[in-house]
Amino acid sequence: MQRTMILSKQALCRTGLQRYGALLPRVAASVQSNLQLQRYLATVEEIFPNKPDFASRHIGPRKTDVVTMLNSIGFKSLDELSEKAVPDAIKFKRILNIEDPLNEHELIERIQQISNRNEVWRSYIGMGYHNCLVPHPILRNVFENPGWTTQYTPYQPEISQGRLESLLNFQTLVTDMTGLEIANASLLDEGTAAAEAMSLCYRHNKRRKVFLSRKLHPQTVAVVKTRLEALGIEVVFGSVKEIDFGDHEISGVLMQYPDTFGDVQDFEQVSKDCKKNGTLVVVATDLLALTLLRPPAEFGADIAIGSAQRLGVPLGYGGPHAAFFACRQKLTRLIPGRMIGVTRDMDGDDAYRLALQTREQHIRRDKATSNICTAQALLANMSAMYAIYHGPEGLKNIANRVHNCALTLNAGIEKAGHQQLNKAFFDTLHVVPNGMTTAEIKARAEEKKINLRYFDDGSIGVSMDETVKTSDIADLLWVFGCPDIDSTVADPQATARSIHNTQFRRTSPFLTHPVFNKHHSESRMVRYMKQLENKDISLVHSMIPLGSCTMKLNSTTEMIPCSFPKFTEIHPFAPREQAKGYMQMFAELEKDLCEITGYDKISFQPNSGAQGEYAGLRAIRSYHMSRGEHHRTICLIPVSAHGTNPASAQMAGMKVVAIRVNSATGVIDVEHLKEKLEENSSNLSCLMITYPSTNGIFEDNVVEVCDLVHKHGGQVYLDGANMNAQVGLCRPGDFGSDVSHLNLHKTFCIPHGGGGPGMGPIGVKAHLAPFLPTHPVIDPHPENDGQSFGVVSAGPYGSSAILPISWSYIKLMGGRGLRRATQVAILNANYMSKRLEKHYKTLYTDPKTGLVAHEFIIDVRDFKKTANIEAVDIAKRLMDYGFHAPTMSWPVSGTLMVEPTESEDKEELDRFCDAMISIRKEIHEIEEGRLDSRVNPLKMAPHTQKQTISSEWNRPYPREMGAFPAPFVKPETKIWPTVGRIDDLYGDKHLVCTCPPMVPDYE
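Residue numbers (the numbering used here): 116 to 1118.
The hints are simulated quantities; they were obtained by calculation from the structure and are not laboratory data.
Just so we're clear, the structure is a prediction, and the values are computed from it rather than from any experiment.
Note that the Cβ used here is the ideal one computed from N, Cα and C, for glycine as well.
Just the calculated beta-carbon pair ranges, DEER-fashion:
| # | residue 1 | residue 2 | range |
| --- | --- | --- | --- |
| 1 | 931 | 743 | 44 to 52 Å |
| 2 | 232 | 471 | 41 to 49 Å |
| 3 | 931 | 1105 | 54 to 62 Å |
| 4 | 1075 | 715 | 54 to 62 Å |
Within a straight-line C-alpha distance of at most 25 Å, the following computed DMTMM-like cross-link-like pairs (lysine to aspartate or glutamate) qualify:
| # | residue 1 | residue 2 |
| --- | --- | --- |
| 5 | 321 | 359 |
| 6 | 584 | 561 |
| 7 | 391 | 381 |
| 8 | 445 | 1099 |
| 9 | 949 | 198 |
| 10 | 557 | 590 |
When you get a sec, could you build the whole thing from the sequences and use the hints?
Structure follows, in structure tokens:
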């Protein structure tokens, strides 16, 4: 190794001599020995300074600050701290074997080379994925803007009004286009939305059978089948025109409109028959098509789902994309995911917030109706902005252009003698070749670098999209051997089969609300986006100290590749050989993640943490079944676990058994675990744990716990939410875990996007690798030879287009940088806990070391008794200081969980601590009677600009105390909440989840 290093430096010397030899003739002549070489290198390094160190930009505290912080908690070095914090039994005793870090410019050059290995052909494959034109104002001001990408989920609505309004616009877009009354704020993709819809049907009427149309997209069928199979729900396939309702056991019917072949069918009679039988009607549809087609509600649909991708979101080799989910009013309480509702604030002004069953899995746990805890907020916002940018007429024009392209192509294909099977269609033709073989057509298409859809029966699918030009149509006509291309393109008879001439045409209005009709100039559009952005706190403003959510830096360099055309413009079902760049990036990222975690194989398909949990548990279930142990269905879960854990377990067909946590120490009660292991030994499937624990502790018995589970024939699932405390210090695959999901949107720098996208790939040990997710179109693990449990996402590799972020983060940091980041994350948490200890109690610390891991829980429960102050009051008051609150009342009710991450510097940590100390002084004033127990700065927080500058001020404390409570809160940097404290009770009693209908006031 030393020899290699010397040779490498000799090469550097030669380069230096070639470029700077004239400056160093004396030094060059003296290089005769290793000693002289080292001296020479020192000289060269003066001329060639070290390249910029990205890790020093990613990690917040400067070296002098690190020393100061270490001294304050009694340590001399980061190594000494991590040696003390991490139990000996699990320590990783070497530096991660990851290539030397690149600097930021080298990184961009490298990832550009990788992206250039992708070949962007013109893809007319369809199947729910369509190329589109992303308006540049939206691309630059939303997709590439940290003011939109770095917000957290809007659990604190007073400082989230911008994205909440935008998501309400998305919900309004969906309800208008589908004709249904209620929509949610997006789901992960069309496949998972369909699975959620069919699960809802079962929950609604408790019938254990569903019917799926044969004309659904294959990836949708695969996801639904996988999900329902685990719940014991029978899936029947066939023609919806031939459904047998005789047994009255069908809970729901799922149809596609237009279907996967492009055909538009009349489902009105099917819907009537379903209604008579008490069966719910679910329609998978296309929002752009619905500008021209009759909306599903008008022919009897109860639920409509689909993907909003073609409304201004790049293909991205499969994601991330926002799915939509709309339903009848009667199903409101069953709708999965998040909904934005209109309510009012304490002053009676309109405001927005998350409504109803938000985070229900944290309340209902294994009784939850879904494990969904995220959305695709950023992508839903892009689609909403796309609809606002174009307006109803603009959308209709785009749809008509797409439709006319399909009509023109249809005329030419029929002129060439081929048979086109779709009688009514929007954008997709289903062609049976005549006079030419499929192979001949495919060869001509490949000559033009065109991808078509090739069916097993020899027929061909062609889908038009917004990007198609007349030259593209001419090329397609040539591919199909049309003899007279020019006359076909200009043929007035091409529109004879227009959807406008059928009973399917849309006659009802849509998008009549002014928001969709008055932002069509770029000036107005950009100002509207900026106005919404300015209503939100994001990482561009201040730290977001959310425990378990790891809101760290999402660097500009890491984000840049997400806009590379050769990453964004590839269809997910394009032939694999056209995606060599993606394949290289997947392979390199998998290698690095395996090195970081100690696992043997990674699946990138799960596109959220909760979906990763589900996929990992299904892999465990399949492993047991492959061994003939179908009875192993018991999943042990500590009561402190994320609520998604038990929800995912029940969805995977497991029975949850809770394990107690020691109330004094916050660690797993090992005696109770042993008792439950003995009790359930023969039926044990797995244990789900989070490490470090959800309570922010490195439990030193984790190896013992894993060994106990394995001795009883079980597997260990380790929730990867707290991986940011492990990278480079310990590896879950080494100390007994069999599978973990990795929150790439936490530990590995993918931004949260205001509530999504997320990414939850799973790492597994070798014995679970054969059971990783598959896919019906592009199998990501063909080596598994049919042993997979099934499919969890519509895209083969999940949200592929955001994986360059995590790839870049690892390449920029290198092994040493990643280890240092983890050490500083632990340092920051312990520094803050120490600074606050005279004012607040840290609920749990390691009983042996007194340390916390990368996060800590502040216990504020006593203030309810002494001052009538609760965690929510502190959370709202922090807004007046310019901060988002820590995680509130979880995992322990009435507490605040703080995670600073490694990216926040000492100045920011101190600013937050100063805010918390100031708030504690205010609480003390309430306790002492100097502030009123009901009308005080905490109970009345947050303070809006409107309240503060009002001519009336009837509160028994000064305005300055309300709005400018600390010296660092200055007028020039003040972040103003735009609404007062939200009235949640009013919102639940008066549920409104769309923009209120009104008569437009525009020309």
